[in-house]
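Number of protein chains: 4
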Amino acid sequence: MIIVMEINCPEEQVDAVVGKLEQHGLQAHLIRGVKRIVIGAVGDKGSIQTMGIEGMPGVMSVVPIMKPFKLVSREARGENSVVRVGNVDIGGRQIALMAGPCAVETADQMYAAAEAVKSSGAGILRGGAFKPRTSPYSFQGLEEEGLKMMSEAAKKFGLATVTEVIDLQSLDKALKYVDMVQIGARNMQNFRLLQAVGRAGCPVLLKRGLSATVEEWLMAAEYIASEGNAGIVLCERGIRTFEGYTRNTLDLSAVPLVKSLSHLPVVVDPSHATGIRALVGPMSLAAVAAGADGLLVEVHPDPQRALCDGKQSLSPGEFSRVAEELKAVAAAVGRAA
Amino acid sequence: MIIVMEINCPEEQVDAVVGKLEQHGLQAHLIRGVKRIVIGAVGDKGSIQTMGIEGMPGVMSVVPIMKPFKLVSREARGENSVVRVGNVDIGGRQIALMAGPCAVETADQMYAAAEAVKSSGAGILRGGAFKPRTSPYSFQGLEEEGLKMMSEAAKKFGLATVTEVIDLQSLDKALKYVDMVQIGARNMQNFRLLQAVGRAGCPVLLKRGLSATVEEWLMAAEYIASEGNAGIVLCERGIRTFEGYTRNTLDLSAVPLVKSLSHLPVVVDPSHATGIRALVGPMSLAAVAAGADGLLVEVHPDPQRALCDGKQSLSPGEFSRVAEELKAVAAAVGRAA
Amino acid sequence: MIIVMEINCPEEQVDAVVGKLEQHGLQAHLIRGVKRIVIGAVGDKGSIQTMGIEGMPGVMSVVPIMKPFKLVSREARGENSVVRVGNVDIGGRQIALMAGPCAVETADQMYAAAEAVKSSGAGILRGGAFKPRTSPYSFQGLEEEGLKMMSEAAKKFGLATVTEVIDLQSLDKALKYVDMVQIGARNMQNFRLLQAVGRAGCPVLLKRGLSATVEEWLMAAEYIASEGNAGIVLCERGIRTFEGYTRNTLDLSAVPLVKSLSHLPVVVDPSHATGIRALVGPMSLAAVAAGADGLLVEVHPDPQRALCDGKQSLSPGEFSRVAEELKAVAAAVGRAA
Amino acid sequence: MIIVMEINCPEEQVDAVVGKLEQHGLQAHLIRGVKRIVIGAVGDKGSIQTMGIEGMPGVMSVVPIMKPFKLVSREARGENSVVRVGNVDIGGRQIALMAGPCAVETADQMYAAAEAVKSSGAGILRGGAFKPRTSPYSFQGLEEEGLKMMSEAAKKFGLATVTEVIDLQSLDKALKYVDMVQIGARNMQNFRLLQAVGRAGCPVLLKRGLSATVEEWLMAAEYIASEGNAGIVLCERGIRTFEGYTRNTLDLSAVPLVKSLSHLPVVVDPSHATGIRALVGPMSLAAVAAGADGLLVEVHPDPQRALCDGKQSLSPGEFSRVAEELKAVAAAVGRAA
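Which chain is which? The protein sequence lines are A, B, C and D, in order. Position in the first sequence counted from 1, then plus 753, gives you our numbering. Position in the second sequence counted from 1, then plus 753, gives you our numbering. Position in the third sequence counted from 1, then plus 753, gives you our numbering. Position in the fourth sequence counted from 1, then plus 753, gives you our numbering.
Each hint should be verified, as a subset may be incorrect.
Just so you know, same-sequence chains aren't split out, so a pair can sit in one copy or run between any two.
[Said to hold, decoys possible] With a cut-off of at most 27 Å between alpha-carbon atoms, the simulated DSSO-like pairs for lysine-lysine come out as follows: (1) Lys908 - Lys773; (2) Lys788 - Lys823; (3) Lys773 - Lys788; (4) Lys909 - Lys929; (5) Lys926 - Lys909; (6) Lys820 - Lys901; (7) Lys901 - Lys1080; (8) Lys871 - Lys909; (9) Lys909 - Lys820; (10) Lys926 - Lys901; (11) Lys926 - Lys823; (12) Lys901 - Lys929.
In case anyone wonders, no lab produced these hints; they're calculated from the structure.
Take the sequences, apply the hints, and build the full model.
See the structure below:
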């Protein structure tokens, strides 16, 4: 940690900072510049955070040097982690395809969706039963009924399943039916929910928040990991920017960046990121070229009848073509799809 | 709702959209432009949302005309709402001052804080007992113990209280000790929590999410209102932008904007918005000049010993000066502080 | 400057960085942390920038400690600068009102505008003769003809004038007719134009770029100052964010922030910042409460006939009311309007 | 164009809008909703823009239906445009590689750079001679001297050349030495410069502005095209967001999006977009997978001695590896590299 003092701050303010650092068992190194004094603090960062250095008189800014994430960091584990969901590995050589409708609507719809995504090579069926909707008047999901429909369809075709949970109650229900739970973008900093899925021990798909920095995203993963759950898959799904043509701005550079900072697998959701059907294919290929370990794609048996997100959902035929194109790109970067 | 069809889309795609609209009891008005067909749909918007028009072939975009919020909208209620918290009114002529430390730390600290903010004219004491922290290794709050400390200090000085809740459990506890619960920025779209505070019926301070649009913020309020709770106070606390000198960017124009769109009171948190002690005073004055109904200010008896946010906390003396300056600005815009 | 080395980087990489620093006449201070080596470089920052330290092997990041602006910094000059435009001072006790239409359209329009803004207390008439429009097919301004119209109207009412320049040619023309030239948001980093207005020596109104950080904005001012022109007034006009109800997001906290970092006067343009007529008044009051030295307001004799920005232009009557309300707010913060 | 009237606006305000539309030769179609009147205007959009409808009483908002770009739009030309630079085609089957140092420094450096990029398959040499730097105290480029160095090195290896121009003077000089001129991000809305390169008729590389929407970017291209210059190549180089680990956020979805809206070729600059050497390779592959027609990559013979941007520059060996990997990805999407 580097503490930058204000220009011409009195010596006793410097002494006070040094005193507080030493009192917490840290070493203080003074660098006297031409105009400024800078203090380097050496020691364990954990204790530094509760010291309140930033609020001390004469302190202009505090620059952290160490990254705040530990368990999920690349330093904690050199090899890539592989997370097993049902009989699918995420993070290995094979690109993991997770696909299905935005919302579970009917048993028939889920059967058709499962059949379609299976035939295109997906290993995991997605479908929402608890929908966090911007409007209280929008369709909120079929809840447990929906989980049953998804689970039955998945079993029929040998697929694993993933669904979003939004509170402790939906988590309890989801754990009975699915192989992996998803924390949505809006709940990325719902720390109690993160701790609960951490304790649950199940595989977790952790979406990046709408305006979460990469560091905050990894700290959210750290919440889960710190409860003893290492089965975390990160999902980049676009961040909020000023651009209005697309629903969000897909930050693909986050894929290689996160893989350099963390050992966790990273997948990409091109459907929510773009919100435009025609962009889902190109961005799926780009994601794999950038090093993504998998894709989460919205596929609906009949997009124009979808209760939500029909505009960004692929039809089974469209998904099949994308899955086909993925094979060549995956091979080009030493992966399989 | 306006439906913009793609250029040269076949007539049967237009017919299909019109058919679907009529099937849902809506009237369709066709406008044939030089290059495009545009369809105006007239009727109740609620039903439109579940129709999946956006996913239909030939549809380029759907432009909503009506605002999606209802109960909290200015159209639903012409006069300004006033929310009563303890014996303090928020939304009337008097500017409501809510102040106190970021986190409850000790009984002595809360006593000193309560004494200080009371003497400067604050009517509501704030203090965090359940802290949503970016890092699982940071101080997480004293929980029920902290609520007791705050409650006792407040009673001693005749102050009302507000504290953040982060899940159902903390809500249950908070309801026993405080007069108003706060939904923090990170939980603004934690819809289950919104529904729970809606059902609780207590006054709610709803902070704007880090990257929430004004419309999403009002929709979050609508979640609370739709459960029958009208005691909602909105709190602008800065949005996330590219600017790095300040912690967030305080969007003061949201104050008059929201007051034109909604009847709910709006307060401003200049502490979290700026993250810089020296900016809290000027932005407090600006907030009141812009029409804010109150302020939420971090005040700590000893900012340099604060366990969190010391850098942005005012000392009692600083708060006292700001409160004094506020009186003149409030008077200048026909209010009292 | 602080240089953070990568974890476990070999000692010779550290030596290489130290060697390069010393070769450029800087002192290197090593801080050996538990996991990392950090190097503090002490000396003149100018030379550091061309050294290419960031690209050296083993260097993880370089953290600048000194601010890069010099002439415009608060350290260079403790007192506030006052810029004289015609017979109007910007930066003193009196709030400077600059008002007029977005574009100069006719002599009659400018006469009516000048009369209106003068009678409400404005000292400077604004009007665009060279319009930087997003579309090449939009009205581009009356150029020299427009400057004459504005200049004549201003003389009639004893007003000073300000107009935007967009290249060397428009600068040459503007210098013949107006008292102050404006660099628009889109040209804030048109460095050649900045240097040209620097050499011209006339008062300059420097708008903040759409996505310019406060530091970049001050560096743009530094370009002008470094050519020997100290007559710079900064203008906050809103930054680009995700919020769509308003045209931009007015960053009022930039006003006290910039005034703490720089001695230059700061004014606010609430018209372009919000894009909504009804928000111009409240944000004008808020700007003055936040410490702004003046306002730049779009006023059109007949907003519904304005060739551009009619939606955000005040009528003479509306401007008169805002100017009246400003007086009380200015007085409340120890200023006059 | 759709005009949304305010709720309960008086009939004469509707009549006034209809009257103004008809007066400009447009047809007005009224849609009377349950609460609101909406007016559809049919006709030529050009004339609509100068009508000032937005400022009329009773008008709540105006929703444009037609895109504002014409010459560069996909509707104007169904096939993809191919732009020839020297003997290199941009926009055809072959991925165009443009590479070289951020700044021209010496003749030897340019010779080494040209040799390196040529041997890896690049067809176009880049190098900056006029550098738009944030600080007036940073290295500003070798100007004409630099252009000569680049030009000579390029000739030796049969490469075409591209360099940034920042004003009319640098444009004049560049036209003597290079095959293509670049408009940098900061000058994307320097409309006079756009018009000048439009009249110059040379191939233009138009970078996206730091916070430019896709629509504004295409409108900047329209400025060039409207002067009769069709040789425009768009370059996505990252947009400004809140994320701080990367220099900018590379918006790769802009590639397929722009290609659906426009017939112009699109290339990607992964160097400025990420600012991190290790991310340049993955994002280059991703760009080609997303459909980019080329890449603009910073390559320096000795990155750790680079006068600027050393942190993001590839060494010749690194570039050679990326170029090799590109071949497989290009083939996977039906292209060649």
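**OP:** Against the earlier hints, flag every one the structure doesn't satisfy and list their numbers going up.
**Re:** 1, 6, 7, 9 and 11
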